[in-house]
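A.B. asks: The UniProt record's numbering puts the sequence shown at residues 1 to 225.
Hints are computed from structural coordinates only; laboratory data are not their basis.
Hints are all accurate, no fakes.
List of simulated lysine to any residue pairs, SDA-like, C-alpha gap at most 25 Å:
(1) Lys42 - Asp217
(2) Lys42 - Glu216
(3) Lys42 - Pro215
(4) Lys42 - Arg99
(5) Lys42 - Pro162
(6) Lys42 - Ala210
(7) Lys42 - Gln202
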Amino acid sequence: MSHRTTAPAAPGSGVRWRHGRLPARQGLPGTRIAWPATLAAKRGGQLEAAHLRFRPRSGEPRAFHCFVLDCSASMLDGARLGLAKGLLVALFDAAARERAEVALIGFGGRGAERRFGPAVPRWWNERWLEPVAGGGGTPLSAGIAMAQSLLARIARRRPGAPRTLWLLSDMRTDEMPSRPAQADEIHLVDFDDATVRLGRAQRLARRWEASCRRPEDLITRIDRN
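Go ahead and model the full structure; you've got the sequences and the hints to work with.
C.D. replies: Set out below in structure tokens:
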């Protein structure tokens, strides 16, 4: 991170990213902090030393992050989809700095579609994400099935690579698919900001033994080193 500033995320996302530097911490020789994993570990609490995660040493298997984005009609309420895309841009940027591979799956209407990867994201990802449109139903099971297929493929090709699944959704669906077996870690980002929240993301997280957090927990102190 650099000095604390504000910078825009994706056009129309309504998000501004806050940057700042954390106190230095002595890590393992030749390692740097892996911010997506660190922020996921801290969940909604205050960042502590125990939450810090470090990037793999040179020569270790490249990490894989599979992002599953809810593009259904309900995500258009209150600019939820724009917020999700802004968060994705920041996470993709962090993955690019770590040379991690990512994939993006969008689900909505009647099915799911792979929109990117698996590949290391490039500088143009913010512009590329903008055309992702929303509408229709919430075929969560289709999105998770496609993610499981990608995770299994990575597991076969690079069995030592850490595999993480991210689900970004307001969970306005009755579908509760099974946990993707090939995911080492799963993080649910809950975009249900209605006055009366359904709590489905928390229920799915418990079923999957996954973390569950609000998007604002992750929109903070993005590493720009």
